[in-house]
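On the provided structure of chain G, position chains Y and Z as indicated by the hints.
First to last, the sequence lines map onto chains G, Y and Z. Numbering follows our numbering, with no gaps: position 153 of the first sequence is 316. Numbering follows our numbering, with no gaps: position 135 of the second sequence is 236. Numbering follows our numbering, with no gaps: position 51 of the third sequence is 249.
Hints are computed from structural coordinates only; laboratory data are not their basis. The structure displayed is predicted, hence computed values, not measured ones. Do not take every clue at face value.
[Unchecked claim] Label pairs and their computed distance ranges (CB to CB):
no.: 1; chain 1: G; residue 1: 185; chain 2: Y; residue 2: 746; range: 43 to 51 Å
no.: 2; chain 1: G; residue 1: 168; chain 2: Y; residue 2: 781; range: 37 to 45 Å
no.: 3; chain 1: G; residue 1: 305; chain 2: Y; residue 2: 746; range: 53 to 61 Å
no.: 4; chain 1: Y; residue 1: 744; chain 2: G; residue 2: 280; range: 39 to 47 Å
Heads up, the beta-carbon is just placed ideally off N, CA and C, and yes, glycines get one too.
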Amino acid sequence: MHTILHATVFGVLALATLGGAVKVISTRSIIHAAFWLFPVFAGIAGFYLYLDAQFLAAMQVLIYIGAILVLIVFAVTLTRNATSTDEAQTNGLFIPVLLAALVLVYALGTTVFNHLWPIESNVWLDAVPLSAAVPGVMVTDVSALGLVLLSQYLLPFEIASVLLLAAMVGAIVLARKERTPAATAGVAAVEAAPADVRELSNV
Amino acid sequence: MLEFAYEYSWLIVALPVLAFVLIAGVIIIAGKGQALARVTAPWILILCLLGALGIAGGTLVTTLHVQDRKGGMHIVLPVNGNAPAEAAAPTLADWNPREVDWLAPEPAQNVVSTDHPMESIRSWNPTLRMGVLLDPLSATMLFVVVLVSLLVQIYSMGYMKREEHPRFYLYMALFTASMLGMVIASNLVQMFIFWELVGLCSYLLIGFWFPKPEAARAAIKAFVVTRFGDLGLLIAVIALWLGYGDVSFANLQTAIVQNPAVAPLSLTVIAILIFIGASGKSAQFPLHIWLPDAMEGPTSVSALIHAATMVAAGVFLVARLHFIFEAAPTALLVVALVGGFTAIFAASIGLVQNDMKKVMAYSTISQLGYMMMGLGLAAPAAAFFHLTTHAFFKALLFLTAGSVIHAVHTQDIREMGGLFSKMKVTAVTCLIGGLALAGIVPLAGFFSKDKLLEAAWDVAMHTGEHTAAWDGISQPLGWLILIMALVTVLMTAFYTTRMWVLVFLGKPRTHGAEHAHESPATMTFSLVVLAALTCVAGFLLVPMLTGMEWARTNGFGLSPVGIVGLLLAVGGIAWAYRLYRPAPAQEPLQKLGWAYVGMSNLWYVNTFFMWLAGRVVLVLGLLVARFDKAVIDGGLVDGTAWLTGRLGHVLRRVGAGPSPGQLQYYALVIFLLAALVLVAMVTGHTGSFMPGVVGR
Amino acid sequence: MVPFAWIILVSILLFALGAIALITRRNAVAALMGVELMLNAANLNFVAAWRYYYPDHLDAQVAVLLVITIAAAEAAVGLAIILNLYRRFGTVDLDQIRLMRG
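The shape of chain G in the complex, shown without the other chains (with noise of 0.2 Å):
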């Protein structure tokens, strides 16, 4: 029963998240391909749920599919026009990466099974006891999360919100809409403006 219950909410699990990446490259329609992410990161999300990291689950959830997904799908109603559904969606190379990905799956799977783990890989447990990060403090305790964050792991944490600094002011600079002396000249300089820049207007 108790194994019935763990294979159930593993396979719905699983489903979800293989199910919706299957999906995510086989959709034509890009908007769709999107949308086909949500149950891909909820899965994971769920599994980080099963794996007792519940603060791993909300941020999956909050960073994931509450900002990641909704950038991909601002991004694909950017660019909506850019592809029809009526073309093929992917190249020619379909045959060859999945020969690659195949060996792939077969090399770790083979590691997996192979390895000699602390425990074997490839049986039923009863549930692993989580133990005392911290004394007085459990592993899967936010506050025992913080306090490795900010004294061991102090550096990693600040290198990494320099990084999202960087990546914030690069990804204004990037994508915002170059003002060419011309398009600020007026509607008769919108005219004589490049192209792309008058298709982007239209959007």
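Then chains Y and Z, alone, in the frame of chain G:
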């Protein structure tokens, strides 16, 4: 008192360094073409040198005072054994050289001696020290260098006005600092570093007018030729370092004087290598060929570097390391013979030179040979005495030559004449310098030359105290050296008079000579000071320096051989005056026939070197170059590049895919390769590719 | 708990699918989605290894957090680049954007 001198002597070196830094700063800030840099550069250097002169004077007085107190004049160098019996000759260690660790090695930890050669080299853990050694030798040299440098800088303010390059003073400051650092050095490695630095400055200053191709060529020639000598010196330094584990002069002297017979052959070889180094710097035969060409530099450079100080560095080096030579009598013979031969050889070429600066240059070579001969005769004090007096009167002669060239705009003495009435100060000071060079009593050159002739006489006759030179130089060879020295005296007097008469007497032979004017006061000031020094240096320096040998010789009096030398000098002057005063239309020396041809062709030494370089070395070099081009460069280097290039072409075909530029194809290649690497790692790790079988 | 290998297998498959998306999709935005899939696969790997074998360490969680951070940054910059490309070429079809044509 000596403590006091040690306390402040480093400033003598530091002040020119300060001048160098300041001038460089001014040039960088103001730009070298700006008036600010042009005006301030000489003054910065002169003020710094004035300060250094004061300290150097104090150091000299202090050092000589201590020398007196220590009993006799025997401290500077272990000389000739005429020390008073009760006072053993003090050594360099008695001068308490100060040294600080500069590069201290890690303390040797568990050095396991093995047979592996690299191990023995690694366990050789030398300490490198920087230090100061003040004794009469270095103190006197410091004073002379600072004084001549100061006077030359003052002179340059007048002479170099047209050039208007503050760079000149920058190099001069660097040169003075390096020269002083070399003189004050307490060990061989430190000395070698500064030795190379003065070589660099010489190169920079000879090529100061580098747009002129001759100047650029001369600079390179000087640099390359002296490098030959420096190689010998470097080998000697390394050999001494390896052999004695120490390079400080004091410790080396203690080690060698205590055990002179430990390795006589090695010491002889080392001494000769040192002498080769000194030959390069001091322009001894056959490495003298760079010095005449070095006259392409500004005349004040010639005066300071190529007459008074740097070229004397070789003599200074041999004097400093004379204890090694004393332990190797054969090396003494080599030094004496080469020195004596250089003296007569260069003097003979000087007889027929028509370029005023070239006459001086060959005269300098000849006088340096004289000093070397003195060192070889185990009379380092006499040689060093000649070095100091020569520094004064040769600098004076060069500066007067510069003054004349400044006025007449030519260097050819045949195009001068009759300048006496137009340039009285220059003419008189030049006469004083020339007479000193010829060795006329009572000018400085007479005393020092007299001491050298006496040394030659003693070795030839084997009279006086027994010296190391007796072991190396047999009596016939001693006679040969003495005769060479005496003939050199005659020749020196002859060419000096010839030059002076042709330049200053007779009628002006060209337009330029007719309209010559006396040089500005900045130039004549230095001339007068140097002339005064030339007049009195003999009297001032004799008690200071030659006290070491003073008891043996007769002080200011004339020795028999000195009288012969003086007579020869007077004879040479009279002969040359008689020949050249009537302004002969044709060179009278042409009557010498083949000798004249040889002399005017510099005895074919340059030709020989050109042949050596052009035929032998070049052919060998071509062979090596061909091998290098075909096998090393063509086969290995180009082959590798070719292979890589071809491989790149092939890989580009594979990597770019069916339609080049497709971004995702590159990603596919990367992904595929990563997967393959993974497969390789997995199979390598487990040895099998079957899941779930291996590893349990 | 389900066997460790099962979760890892999901992770591996997700990674492979992400790679396929990255390499085959012509639309640049879709290719970027593939990158997100691959990053998620890696994260799942971290968390699973932590839960099963190192439950007393927090290193994996920190790593996942950092990866999520970087993924966010990457998505922002990547999409900005795609917008820029769109503005310059009028398309986001990677087959037609060939500045690296050799």
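Going down the list of hints, with the structure as the test:
1. G:185 to Y:746: 43 to 51 Å: holds, 44 Å
2. G:168 to Y:781: 37 to 45 Å: Given about 41 Å between the Cβ atoms, the range holds.
3. G:305 to Y:746: 53 to 61 Å: holds, 57 Å
4. Y:744 to G:280: 39 to 47 Å: Once the Cβ atoms are compared, 45 Å apart, the range 39 to 47 Å for residue 280 of chain G and residue 744 of chain Y holds.
Checked against the numbered hints listed earlier, the structure breaks none of them; every hint is satisfied.
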